[in-house]
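**Student:** Listed here are the chains, written in short residue letters.
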Amino acid sequence: MKHTLAVLVENRAGVLSRVAGLFSRRGYNIDSLAVGVTEEPDVSRMTIVVHGDDSVLEQVKKQLNKLVEVIKVSDLASEDAVERELALFKVAADESSRAEIMQITDIFRARIVDVGPKSVTVEVTGNEEKIMAIENLLQKFGIKEMVRTGKIAIARGSKKV
Amino acid sequence: MTTGSTEKINGARAIIKCLELEGVDTIFGYPGGQIIPFYNELYDSDLRHILVRHEQAAAHAADGYARATGKTGVCVSTSGPGATNLVTGIATAYMDSVPIVALTGQVPQFMIGNDAFQEADIKGITQPITKHNYLVQDANELPRIMKEAFYIASTGRPGPVLIDLPKDIQISEIDFHYPEKVELRGYKPTYKGNLQQVKRAAEEIAKSFRPIIYAGGGVISSNAAAELVRFAETIMAPVTTTLTGIGSIPTEHPLNLGMLGMHGTKYANYAIQESDLVIAVGARFDDRVTGKLESFATNARVIHIDIDPAEISKNVPVNIPIVGDAKHILKALTKYVKCCNSEFWLAKIIEWKKEYPLSYRKETDVIKPQFVVEQISEVCKDAIIVTEVGQHQMWAAQYFKFSEPRTFLTSGGLGTMGYGYPAAIGAKVGRPDKLVVDISGDGSFQMNSQELATAVQNDIPVVAVIMNNGYLGMVRQWQELFFDRRYSCTDISGSVDFVKLAEAYGALGLRAEKPSEVRPAIEEAINSGRPAIVDVIIECEENVYPMVPAGAAINEILDLED
Ligand SMILES: Cc1ncc(C[n+]2csc(CCOP(=O)(O)OP(=O)(O)O)c2C)c(N)n1
Ligand SMILES: [Mg+2]
Chain A
29 MKHTLAVLVE
39 NRAGVLSRVA
49 GLFSRRGYNI
59 DSLAVGVTEE
69 PDVSRMTIVV
79 HGDDSVLEQV
89 KKQLNKLVEV
99 IKVSDLASED
109 AVERELALFK
119 VAADESSRAE
129 IMQITDIFRA
139 RIVDVGPKSV
149 TVEVTGNEEK
159 IMAIENLLQK
169 FGIKEMVRTG
179 KIAIARGSKK
189 V
Chain B
8 MTTGSTEKIN
18 GARAIIKCLE
28 LEGVDTIFGY
38 PGGQIIPFYN
48 ELYDSDLRHI
58 LVRHEQAAAH
68 AADGYARATG
78 KTGVCVSTSG
88 PGATNLVTGI
98 ATAYMDSVPI
108 VALTGQVPQF
118 MIGNDAFQEA
128 DIKGITQPIT
138 KHNYLVQDAN
148 ELPRIMKEAF
158 YIASTGRPGP
168 VLIDLPKDIQ
178 ISEIDFHYPE
188 KVELRGYKPT
198 YKGNLQQVKR
208 AAEEIAKSFR
218 PIIYAGGGVI
228 SSNAAAELVR
238 FAETIMAPVT
248 TTLTGIGSIP
258 TEHPLNLGML
268 GMHGTKYANY
278 AIQESDLVIA
288 VGARFDDRVT
298 GKLESFATNA
308 RVIHIDIDPA
318 EISKNVPVNI
328 PIVGDAKHIL
338 KALTKYVKCC
348 NSEFWLAKII
358 EWKKEYPLSY
368 RKETDVIKPQ
378 FVVEQISEVC
388 KDAIIVTEVG
398 QHQMWAAQYF
408 KFSEPRTFLT
418 SGGLGTMGYG
428 YPAAIGAKVG
438 RPDKLVVDIS
448 GDGSFQMNSQ
458 ELATAVQNDI
468 PVVAVIMNNG
478 YLGMVRQWQE
488 LFFDRRYSCT
498 DISGSVDFVK
508 LAEAYGALGL
518 RAEKPSEVRP
528 AIEEAINSGR
538 PAIVDVIIEC
548 EENVYPMVPA
558 GAAINEILDL
568 ED
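These protein sequence lines map, in sequence, to chains A and B.
Numbers in the numbering used here are just positions in the first sequence, counted from 1, shifted up by 28.
Numbers in the numbering used here are just positions in the second sequence, counted from 1, shifted up by 7.
Excised from the complex, chain A in its bound form (with noise of 0.2 Å):
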């Protein structure tokens, strides 16, 4: 199971090692973690994909909150969060091809952010299931370099971490 935690921790020099650390030493796998300022500037907000289940996600938990730095942790269920994730494609693009890159640019919402002799380079932002998408049809052209943010997500409505 995947599970998308925003953990507050103090904006602090080497918090973000504390936090990697705990996880490569305990054997928890990060898939994606995203982290900068929050409206409060001395906080910082990591966002951290990980899976595994229950029991896992419980210790990933407890274990972060152990971190003193470490101000808050909750779990952002899906149905509940918006999730972003933003990524710069590098596709390969000729005379032939780009009015094609571009339609599909236009479908996603994405923007094309740089044009070269031989490449266009695509920005787009969605949940993970968008930039898939558009990565499986991008793929044909051939992608040259891709470069991905991580999920950042907050909770639906008014409610705060």
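Just so you know, the hints here were simulated from the structure itself, not pulled from any lab data.
Don't take every hint at face value.
[As the list claims (entries may be wrong)] Result set (DSS-like, lysine-lysine): computed pairs, CA atoms no more than 30 Å apart in a straight line:
#1 B/Lys-375 with B/Lys-408
#2 A/Lys-100 with B/Lys-206
#3 B/Lys-199 with A/Lys-90
#4 B/Lys-199 with A/Lys-188
#5 B/Lys-299 with A/Lys-94
#6 A/Lys-118 with A/Lys-168
#7 B/Lys-154 with A/Lys-94
#8 A/Lys-90 with B/Lys-521
#9 A/Lys-94 with A/Lys-187
#10 B/Lys-360 with B/Lys-214
#11 A/Lys-89 with B/Lys-188
#12 A/Lys-94 with B/Lys-78
#13 B/Lys-334 with A/Lys-90
#14 A/Lys-100 with B/Lys-188
#15 B/Lys-355 with A/Lys-188
#16 B/Lys-195 with A/Lys-100
#17 A/Lys-89 with B/Lys-206
#18 B/Lys-299 with A/Lys-89
#19 B/Lys-206 with A/Lys-90
#20 B/Lys-338 with B/Lys-195
#21 A/Lys-30 with A/Lys-94
#22 A/Lys-100 with B/Lys-154
#23 A/Lys-94 with B/Lys-188
#24 B/Lys-195 with A/Lys-94
#25 A/Lys-100 with B/Lys-334
#26 B/Lys-78 with B/Lys-299
#27 B/Lys-214 with B/Lys-361
Note that the structure is a prediction, hence the values are computed from the model and not measured.
Given the coordinates of chain A, work out where chain B with the ligands should sit on it, guided by the hints.
**Tutor:** Same frame as chain A, now just chain B with the ligands:
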């Protein structure tokens, strides 16, 4: 000393003031280039500093001091090799949840990251073996960090905290102001157990016919031994302890079943396997205790009292968790529990105790290690017993008669050979009123024998009784039982003459080669009032029994007769 006022002092002086304000009287350490400013200020202070001969010993001594007194131990080293030498001691304290604060020198900040001389990333290295750690980057934060370090080390589930101190931090001037309290929004240990859970536990206990209390080191660190005994007597349940839980109930108490697990008593292991309710208190279901998990106490419901929520259901599913401090919770629980239905159960346990007592083959010409422990137990009543790691450690756990908490100090979780002697030094420094005996092995003692110098120089009269079997005995035992007696690299018979070693350091060295010499030698060592070694030549291929082979269920027990 006031905490509110402000004055200008350097970082090193500030650290010492913080130590004094935390009530520290003794620290254990070893100097070097990047910690000289601290030592320079220490020169003018009233803090007692015990100069060890290896930094590992400083960490173990701080640990022994902490376990014996209940206060936080402090150790100090320089950067690089000094700091890395602390690592085993810090890991030992971490595994057994012992509160220590380690202070390490570090290269000046502008050099960090450049592979400077004697630079080691000790914060990174100790991240997995500390409860928390710091690299001080602004001298003005020193007081806050020191305050937090002592708070974190000693509260909740205790543990080691390390503070890395770049040299420039130690010499910069700051306005010293010691904070009154700590503010850590990510650290709020729970002490009081949830009342609803306490009541549920009481109901569960009332329904039980075969309850057993399984007490761990947490009972001792929360100073809950008296509460444990009262609770056990109230519900009339037998108590088994882990290795680090020894001392939480007197050995001779009729409800005590001794230690459980790999080298536990048969009756403790049978009892837990047949129980219908396991009440775990400050224990963590370690694999040396549970044996094969799938067959551990399969008919029992489980109540687990622990201050660390992450221990709940980590290895064994728990029916009723109560997160909080053992002392609080046992008190509360004792109030709510009522009757007990344990008469048949206790009768059965008495039968088991009669049928399967701890025993060994007595002999008159060779010295049996169990006999040695029995002699120590008679001569050194109420002593603090410290051990190394190996067979001798298990014999000490099995045969010494303990009557109080904080009198059995041993490396349980990490199993660190070399722990005992320096920890004994720390314990004696913390409890000078107590007799302190290190029950040691010939292998383990050589891992920190240089500390004889520390004991002699500082006049710390610790007695080390070395169970000399000429082997790395515990490993040899495994080789005998599970590897066809192929004694690969476990013969250490070419070791030092321990009597001469003691004498070379200016300590007293004695030897016992016949059973009749054991007791007089121990008595002479104690009465000398000096640091002493008693080298006891024991039966060299004696094994520790009972024994549950690794991975077996804990009622599948090998014994002497098998
Ligand atoms: C630092 C360290 N290294 C290795 C071991 C593995 N080990 C466990 S017991 C033991 C033998 C200990 O020998 P000794 O101190 O003579 O005790 P004995 O078992 O003979 O009583 C060894 C090598 C350990 N526990 N700690
Ligand atoms: Mg030995």
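**Student:** Hint by hint, say whether it matches the structure.
**Tutor:** Here is how each hint holds up against the structure:
1. B/Lys-375 with B/Lys-408: Distance ~17 Å between B/Lys-375 and B/Lys-408 Cα, so the pair holds.
2. A/Lys-100 with B/Lys-206: holds (29 Å)
3. B/Lys-199 with A/Lys-90: holds (18 Å)
4. B/Lys-199 with A/Lys-188: holds (28 Å)
5. B/Lys-299 with A/Lys-94: holds (28 Å)
6. A/Lys-118 with A/Lys-168: holds (13 Å)
7. B/Lys-154 with A/Lys-94: holds (19 Å)
8. A/Lys-90 with B/Lys-521: Violated, at roughly 54 Å.
9. A/Lys-94 with A/Lys-187: holds (24 Å)
10. B/Lys-360 with B/Lys-214: holds (25 Å)
11. A/Lys-89 with B/Lys-188: Status holds; Cα separation ~28 Å.
12. A/Lys-94 with B/Lys-78: holds (22 Å)
13. B/Lys-334 with A/Lys-90: With a Cα-Cα distance of about 23 Å, the restraint between B/Lys-334 and A/Lys-90 holds, given a limit of 30 Å.
14. A/Lys-100 with B/Lys-188: Holds, because 22 Å separates the two Cα atoms, which is no more than 30 Å.
15. B/Lys-355 with A/Lys-188: Between B/Lys-355 and A/Lys-188 the Cα gap is close to 56 Å, so the pair fails against 30 Å, i.e. violated.
16. B/Lys-195 with A/Lys-100: With Cα atoms ~11 Å apart, B/Lys-195 and A/Lys-100 stay inside 30 Å; holds.
17. A/Lys-89 with B/Lys-206: holds (27 Å)
18. B/Lys-299 with A/Lys-89: Holds, because 26 Å separates the two Cα atoms, which is no more than 30 Å.
19. B/Lys-206 with A/Lys-90: holds (24 Å)
20. B/Lys-338 with B/Lys-195: Measuring from Cα to Cα gives roughly 22 Å; hence the hint holds.
21. A/Lys-30 with A/Lys-94: Distance of about 22 Å is within 30 Å: holds.
22. A/Lys-100 with B/Lys-154: The given pair, whose Cα atoms are some 23 Å apart, holds under the 30 Å limit.
23. A/Lys-94 with B/Lys-188: Measuring from Cα to Cα gives roughly 20 Å; hence the hint holds.
24. B/Lys-195 with A/Lys-94: holds (10 Å)
25. A/Lys-100 with B/Lys-334: Cα-Cα ~27 Å, so holds.
26. B/Lys-78 with B/Lys-299: violated (36 Å)
27. B/Lys-214 with B/Lys-361: holds (28 Å)
The structure shown violates the earlier hints numbered 8, 15, 26.
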